[in-house]
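> Sequence:
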Amino acid sequence: TIYRLLKTFFINFVNVTHLTGPLVTFAPVKEMSPIRYITILFCLLIAGGLTAQNKGTQRYTISGHVVDENSGESLPGASVYIAELMKGTATNAYGFYSLTLDAGEYNMLVSFVGYEQVTQKINLTKDITLDVKIHPLVITTEEVVITGERKDENVESTEMGKVELQTDEIKSLPVVFGEVDVLKTIQLLPGVQSSGEGSTGFYVRGGGPDQNLILLDEATVYNAGHLLGFFSVFNADAIKNTTLIKGGMPANYGGRLSSVLDITMKDGNNQSYHGEGGIGLIASRMTLEGPILKDKASFIVSGRRTYIDVLSKPFLKNTELGGIPYFFYDLNTKMNWKITPKDRIYASGYFGRDIFNIEVEDGRLKANINWGNATTTLRWNHLFNDKLFMNLSGIYNSYDFRIDATFDNFTTTFASGIKDWNQKTDFFYYPNINHTIKFGYNYTYHIFSPRTIKVEDADNNFSSEREVKKFSHEGAVYVMDDFTLTDKIKINAGLRGTYFIQKGPFTLYEFDEFQNITDSTHYKGGKKVADFFGLEPRLSVRYGLNKTSSLKAGFTYNNQFVHLVSNSYTTLPMDIWVPSSVLVKPQKGVQFSAGYFRNFKDNMFETSIEGYYKDLDNQIEFKETYTGDVSTRDIEYEFTYGNGRSFGTELFLKKARGKLQGWIGYTLSRTTRTFPGINKGEKFSAHFDRTHDLSVVGSYKLNDRWSFSAVFVYGTGQSTTMPERYYLIGTDLATKYGPRNGFRMEAYHRADISATLHSKKKEGKKFSSYWSFSIYNVYNRKNPFFYFIDNEGDPVDGTFKVTAKKVYIFPILPSVSWNFKF
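In our numbering, the protein residues as written are 28 to 849.
Worth flagging that the hints you see were computed from the coordinates, not collected in a lab.
Misleading hints may appear alongside valid ones.
[What the hints assert, rightly or not] BS3-like mimics (lysine-lysine), calculated; alpha carbons at most 30 Å apart, straight line:
#1 Lys369 <-> Lys321
#2 Lys612 <-> Lys515
#3 Lys393 <-> Lys446
Could you build the full structure based on these sequences and the hints that come with them?
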């Protein structure tokens, strides 16, 4: 039905445009696919919108950057608004804006979250370059007013399912062990679900964890968890902005099916030297920033390390381990240099690692387990003119996991990982106030090491090693236009073309029914093994009902060429990344979404209701016969493929101003999977299928020193597979499992509270601090982490008893941290 409506709209659009001559010959429905119709529609929307520009009137451009007056930091997403026209734009990821207007006098309003609004009078008789400095908001009254975004931005914009979180907002919420966590905060938003108790892994609108594109300064982060996923790798002190896109994904993003989490690091203060840090229960952190050359260049360095290994020794010194031999660390660095008014260079990096060393039985058994990420980003911003902005980036990122274990003279090594070399260029073109056009390309060279296994036995002179690397190239080009068609209709239309190629060396095997190799085909290094091409149309439409409400609808089509395959229900470091290949088809996803957005009481309350429907093809799971044993053949032969479906409704209510602020998010959804080789081909619930998901978040500022916050979450229990019956075959016990994910765990719910006490403010004081007190799971709810079956007695004499037992990991947990700035 949607396809036929789009086709009708497409035909009508062609009839009403002012273009002459035949545009296209319409074929019968059976001869032209829906994707082709939609693709042509998007191209014509962009072209038709560009031809609608006003002509004959003298027009000029005002452009520049919006920056923090105190630090010189660029402010992405700041609102630049023309009061007389009731129109405006937002700064891009580098703080740049451009507005082309008819000649005349205007009042330009500039605002950003937590900053004072600036009104600038302009007389536009020529092109103007104007960098706007705005000052952090100073609270002089009891009421806290956030003026950060245009108050009606959620109603006016074409964006759906997009949420921007400021670091101060994230830091105000209750935390575990005193550690502020970006990924745990986004789990409180509707449509986003946790992958498990205390985990930073997340699912968005029925997609798997690998279907979320996580970026740190444009570099992909493949594993975002520390301590087996209990903490994220993102140090909040080094983060400037966090953006989650779970609805209509713009065309400049790709490679994933479900969402984008785009995290930007601070640039560093180019005016004066500053520092901040904190001491928590299990970790401490420190950040330093300042100018290298005032107004021209700056740096920031931020580090964090746990001391679980140090704190545990006095309590566990008499045990065999002598303590908990585990720690993790993070290091964020960034420098930037304003070479000329039109050229800026940025260099940033992240390096983090988890290290776990074990030595028991007087040294007979030794094991070293470590994993981590490394990213490096080099960027050049160039302003060709006041309408055309370019960002060119060179990016390297890697993730690896390794186990080295020794027992007597027997040594085993297991490793896996992925490395990317990425070059991308993005252009931002601002033809007039009604258009923001982005276009560019992206190329990535992938090196996969899905599974490296090495076994040695010194006594018997035995050695076995298997290391297989896989090589592939991924490229994309895109164009998108966010434009105003009429006073009521705004459209974001985009098209992304993708190409992925698998290169040798690679050996393709054929097996008989007993898994013996019968034939093979070898591809030499650099030779094409398989390739895939795809077109990905994207469309979002906003229709304004009045000044306080609007309707929005969106469509996205995505391809995904890299895949995470896990044999567990949570994202673990040992999960394996594999590329699309002659054996593994790309995942494909189609999402339709629509919503109603309404603000109340002068935009104090923001409300929305969004519905979505998502189809997923070529989803990947291990075969039911897979046991996880070490094998000499490629792991791709152990996969099976199926389809997924998810649909739901999301409700969101946010109070944006006043002493009491916060939001309520609720999701009603259903997520299923169908695999011919699993569950007898019958449809089953995904493990992360959750019918009801509720989050209530609130913060209250009592005065200049005390503030409080609270969180309550409730969710339907996750589905899992449990034994259904036991049989005695002779004296052996056999287990019959129930349907795949046919058992529901108990419902999950908990409440967290926190209080923050700031030090007394003194005039001219350069050092300030605050204490943060939190209680996680305040009423000590024993939420299930997993269930296991405990057997007691003897099945022969009739005393055999089977009991299902629940394991939980987080009871009530108080925590305290001391934080400081200077």
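> Please go over all the hints and tell whether each is borne out by the structure.
Hints versus structure:
A distance of roughly 17 Å separates the Cα atoms of lysine 369 and lysine 321; the hinted pair therefore holds under the 30 Å criterion. Proximity of lysine 612 to lysine 515 is assessed by CA-CA distance (about 42 Å); at most 30 Å being required, the pair is judged violated. For the proposed pair lysine 393 and lysine 446, the alpha carbon gap of about 28 Å is at most 30 Å, so the pair holds.
The structure is inconsistent with hint 2 alone, although it conforms to all the rest.
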